[in-house]
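S.K.: Each chain, letter by letter, is given below.
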Amino acid sequence: MTHKLNTTEIAVAGAKIKVLEGGQGPDLLFLHGAEGPDTYSSVYLEELAKNFRVIAPWHPGFGHSERPKSFTKVDDLAYFYLDLADHYGLKDAVLAGASFGGWIALETAVRSAARFSQLVLSAPFGFKAGGRETRDIFDLYLVGPAEWPEYFLADKSLLPDYPKRSADELMGIARSREAMTLYGWQPYMHNPVLGRWLHRIKLPTLFVWGDKDRMVSPDYGRAYAARIPGSRFELITGAGHLAHVEQPAKFRDLVLDFVGNKKSAAA
Amino acid sequence: MKIWHFSEQAYPDAWTKDPVSLRVTLPNKHFDPVEGGKLLNRYLDEWAYCDEIGTNIMVNEHHSTATCLSSSCTLQLAILARETKKVRLLCLGVPLANRTDPVRVAEELAYIDCISGGRLEMGFVRGIQYEISAVNSNPVNMSERLWEAHDLIIKAMTTHDGPFNWEGEHYHHRQVNIWPRPIQQPHPPVWSSTGSLSSVDKIAEKNATVTAMNSGLRAKGLFARYRQRLAEFGRPRPGLDKFAYMSLVSVADTQAEAFKRLDKIRGYLRTTTIVGKGLANPPGYAAAGINADLLANPQKGELGIIDRDSKPVNLRTAPHEALIDAGAAFAGTPDQVIKQIKRFHNDIGGIGNFIMMGQGGDLTHKETLDNLGLFAREVTPALQDLKEPEDAASEAHERVRERAAS
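Those sequence lines, one after another, are chains A and B.
Under the numbering used here, the first sequence has 44 at position 44, and the numbering climbs by one with no breaks.
Position in the second sequence (first residue = 1) + 267 = the numbering used here.
Take these hints with a grain of salt, some might be off.
What the hints assert, rightly or not - Here are the simulated lysine-lysine pairs, DSS-like style, with alpha carbons at most 30 angstroms apart:
#, chain 1, residue 1, chain 2, residue 2
1, A, K156, B, K544
2, A, K164, B, K544
3, A, K16, B, K469
Note that these hints are calculated values from the structure, not bench results.
Please put together the full structure from these sequences, using the hints given.
M.R.: Here's what the structure looks like:
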């Protein structure tokens, strides 16, 4: 059975944003990576919707979500998602995030985990692992706009054919990239002090990483996971940076297994 | 009409080193610092010659590129401020959106105005898209940073009764109180450049001189918008001194010689857009709508010049005649060039400043001096008394102004 997702619009913290919603079960808030929750595929959300009530917003400034002019930092997004969790009245929800959205999820959890029970991360940005002359995260601004997806996906069949996309979708993608650039230009896609405070995260935490990730390596992911006591690290073979998008069934199984075993994971 | 000489100060010896990108990623091992130093001195010598012949000076800056060796407007003007005695000194411009400390910019410019005896003209620009990575500047909200930095610099130059503080959206500074301060009161003239209607509005709002950089006939629309905005603000109709145009210039005793030199100067047009794909247009530099369109139609990438029938003219490959007809180059004997400039002046609604790229590409020192000298002797005098083209513009301005006031 497939679970259809609906697009709705909500207003939180002065921003009208678009949200994909659907499914039944415990709440799962998914903070998307790349340009939006459904830019390359929404199958992973439909898979999750078999077991969860999925809430997948476009970040402020991404897609057709508004960005209040004063939102310029990932800190703003972290507080925004705490407001959004209040808006939905989330209780014991799974907080999930991928790539840039994984960074937001971690910044959110460092501030307050009151409404969340577990943390699931697919190749999150946000952390500084290497030395000062090591760029941990691939510099997207070296490659042309049409080539970005090649760095997100190992599965070439998912690569978009831009001339076939609607003007509306392309506008959304362009807005997303602009917003991600504003939030993540410097320090590039990370917060130098996030690592210092990751120990504050007491939630059971799962890291998922594609072994073919061209944006940021699994070793970076292992170093990241080591900062959160008791966290679990799972490699998805054959997947690129958006492993959850490329192998949705495998991702869902990992999430379900993790959520079912949360008590032992947290111990 | 005031005449200015500008050179991008290229380093042509490295132009063959990488067909993909002459900017940002081209290793600087391809720059020979001893030979490069001689070349930089040569370019300065050509500007020093301008002081002898009464041609004003314009400099610019770019970063990490073999297409332009100047990395700082103010460094060059600091040298020329002492080396020259008469002509005006324009930087066009300081890329303010890339500067973390506008107060420092104000200090340097004030210093140049003092050294030069009040000959500075201050061009402020956003910075070009190609070097965003080289200068590590966030490509989003650059116009906001440009104009906030502009406001801070103007306030720094016009505040004389002790320090003020600045806690803006993009810049923070305590105890702003610059020493020295500029000679020109209330501050040296402000310029900016643009290729788009959307950025003309801010230039008009700030009463800056608007410069079209080799935009050809598109300049007409840009200048009309400037005049319209001033009218809507209820301000007087601007004089021609508020309008500037930059283009390639080659004059010689024969058309054949002038065209041969123009071909060398066009080395600039052939190389300036050779830049790696990702570096060419980072997200946020252009409006999202433009970038969305480019995803669907990547071939649209180049904003070109148009001819009199609004058809595109390829700046790299079009024949010299086509460039001249579109106002993207002026070349020939002095008489031919005078006619070309007068015609273009009328086409675009009139300019009070003509910036000649009198050196470009691998045009030699001797050829450059010849070009500059001949222009100053035979072309400049013929352009002195150009009036605003006769049309109903002035009357229309008054109507808009009255409506805005009522």
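S.K.: Quick check: which numbered hints come out false for this structure?
M.R.: none
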